[in-house]
Amino acid sequence: DVKVTQSSRYLVKRTGEKVFLECVQDMDHENMFWYRQDPGLGLRLIYFSYDVKMKEKGDIPEGYSVSREKKERFSLILESASTNQTSMYLCASSSTGYGYTFGSGTRLTVV
Amino acid sequence: GESVGLHLPTLSVQEGDNSIINCAYSNSASDYFIWYKQESGKGPQFIIDIRSNMDKRQGQRVTVLLNKTVKHLSLQIAATQPGDSAVYFCAEGAGTASKLTFGTGTRLQVTL
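Chains as they are written, first to last, in our numbering: chain A, 1 to 111; chain B, 1001 to 1112.
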């Protein structure tokens, strides 16, 4: 069964901490995405990558960075976590021209 | 847990009835459309897709209809079951673009 795996379902971090969210896909997809999802705001794109070591900013990149050193892995980094980054984070992958496969999500709480 | 559907339009249907969820899209160049289902606390799951050279596609208990003239997409669920309760999103893509654009979603509530 093909899948996108996010390393944590729930995380609690302190304000100011550096936070790493990991995502791995086993479908050899070239595209990978990070979204955050908040009530009433829908899915908002943070960053995406269409190839190894390539990245592009999405709609809300501020306060985040990403890393894609290998095709199967796309990491989201919160450089200095803040309470307004408390959210559900969703990773997805795709082959161009096809739909996304999403991970199960990571619910991050910053206290 | 916190619901992603707190401020979404809600469709309430009785178990066994058919459900129709609608979506309007804005990009005339979009040629690929997808419906996702998201249950509380989980990631969105692919349900069915359709390309612009078709106007209807059927899956198991689901049908997607595409009206390109009015840029409208709908998802029909036959004999709705309690397990169908979720938030449903449409998404659109254009050409070889890698990114999809997502709708805000509709919450489907199935009453017994």
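Everything labelled a hint here was simulated from the structure, so no lab data went into it.
A few of these clues could be false.
Restricting the straight-line Cα-Cα distance to at most 25 Å, the calculated cross-link-like pairs of lysine-lysine (BS3-like) are [as the list claims (entries may be wrong)]:
1. LYS71(A) / LYS3(A)
2. LYS71(A) / LYS53(A)
3. LYS3(A) / LYS1099(B)
4. LYS70(A) / LYS18(A)
5. LYS1042(B) / LYS1056(B)
6. LYS1056(B) / LYS13(A)
7. LYS53(A) / LYS1056(B)
8. LYS53(A) / LYS3(A)
9. LYS71(A) / LYS55(A)
10. LYS53(A) / LYS70(A)
11. LYS70(A) / LYS1068(B)
12. LYS18(A) / LYS55(A)
13. LYS18(A) / LYS53(A)
14. LYS1099(B) / LYS57(A)
15. LYS1042(B) / LYS1068(B)
16. LYS55(A) / LYS1099(B)
17. LYS1099(B) / LYS71(A)
18. LYS57(A) / LYS71(A)
19. LYS3(A) / LYS1068(B)
20. LYS70(A) / LYS55(A)
21. LYS1071(B) / LYS1042(B)
22. LYS1099(B) / LYS1042(B)
23. LYS3(A) / LYS55(A)
24. LYS70(A) / LYS3(A)
Now for the hints, and whether the structure bears them out:
Proposed proximity of LYS71(A) and LYS3(A) is supported: the alpha carbons are some 14 Å apart, at most 25 Å. Taking the CA atoms of LYS71(A) and LYS53(A), the gap is about 9 Å. The hint holds against a cut of 25 Å. Among the hinted pairs, LYS3(A) with LYS1099(B) is consistent with the structure: their alpha-carbon atoms are about 19 Å apart, no more than 25 Å. For the hint pairing LYS70(A) with LYS18(A), the CA-to-CA distance comes to about 21 Å; that is within 25 Å, so the pair holds.
With a C-alpha separation of about 28 Å, the suggested pair LYS1042(B) and LYS1056(B) falls outside the 25 Å cut-off, and the hint is violated. As the CA atoms of LYS1056(B) and LYS13(A) are separated by approximately 47 Å, the hinted pair breaks the 25 Å bound. A hinted pair counts as satisfied when its Cα atoms are at most 25 Å apart, and LYS53(A) with LYS1056(B) does not qualify at roughly 39 Å. Annotation: proposed proximity of LYS53(A) to LYS3(A) holds, straight-line Cα distance about 22 Å (limit 25 Å).
Between LYS71(A) and LYS55(A) the alpha-carbon distance is near 12 Å, which keeps this suggested pair within the 25 Å criterion. Restraint check for LYS53(A) and LYS70(A): the C-alpha separation of about 8 Å stays at or below 25 Å, so the hint holds. Taking the CA atoms of LYS70(A) and LYS1068(B), the gap is near 39 Å; set against the 25 Å cutoff, the hint is violated. The hinted pair formed by LYS18(A) and LYS55(A) meets the criterion: a straight-line CA distance of about 20 Å does not exceed 25 Å.
In summary, the hint linking LYS18(A) to LYS53(A) is supported, as the alpha carbons are separated by about 21 Å, within the 25 Å threshold. For the hint pairing LYS1099(B) with LYS57(A), the CA-to-CA distance comes to about 12 Å; that is within 25 Å, so the pair holds. Under the criterion of a C-alpha separation no larger than 25 Å, the hint pairing LYS1042(B) with LYS1068(B) is inconsistent with the structure, at around 31 Å. Distance check on the hinted pair: LYS55(A) and LYS1099(B) sit about 13 Å apart at the alpha-carbon level, within 25 Å; holds.
With a C-alpha separation of about 17 Å, the suggested pair LYS1099(B) and LYS71(A) falls inside the 25 Å cut-off, and the hint holds. Taking the CA atoms of LYS57(A) and LYS71(A), the gap is about 18 Å. The hint holds against a cut of 25 Å. Between the alpha carbons of LYS3(A) and LYS1068(B) the distance comes to roughly 32 Å, so the proposed pair goes past 25 Å and is violated. In summary, the hint linking LYS70(A) to LYS55(A) is supported, as the alpha carbons are separated by about 12 Å, within the 25 Å threshold.
For a cut-off of 25 Å, the pair hint linking LYS1071(B) to LYS1042(B) is broken: about 29 Å separates their Cα positions. For the hint linking LYS1099(B) to LYS1042(B), the alpha-carbon distance of about 21 Å falls within 25 Å, and the restraint holds. At most 25 Å may separate the alpha-carbon atoms for a hinted pair to count; LYS3(A) and LYS55(A) meet this at roughly 22 Å. With a CA separation close to 16 Å, the supplied pair LYS70(A) and LYS3(A) stays within the 25 Å bound.
When held up to the earlier numbered hints, the structure conflicts with 5, 6, 7, 11, 15, 19, 21 and fits the remainder.
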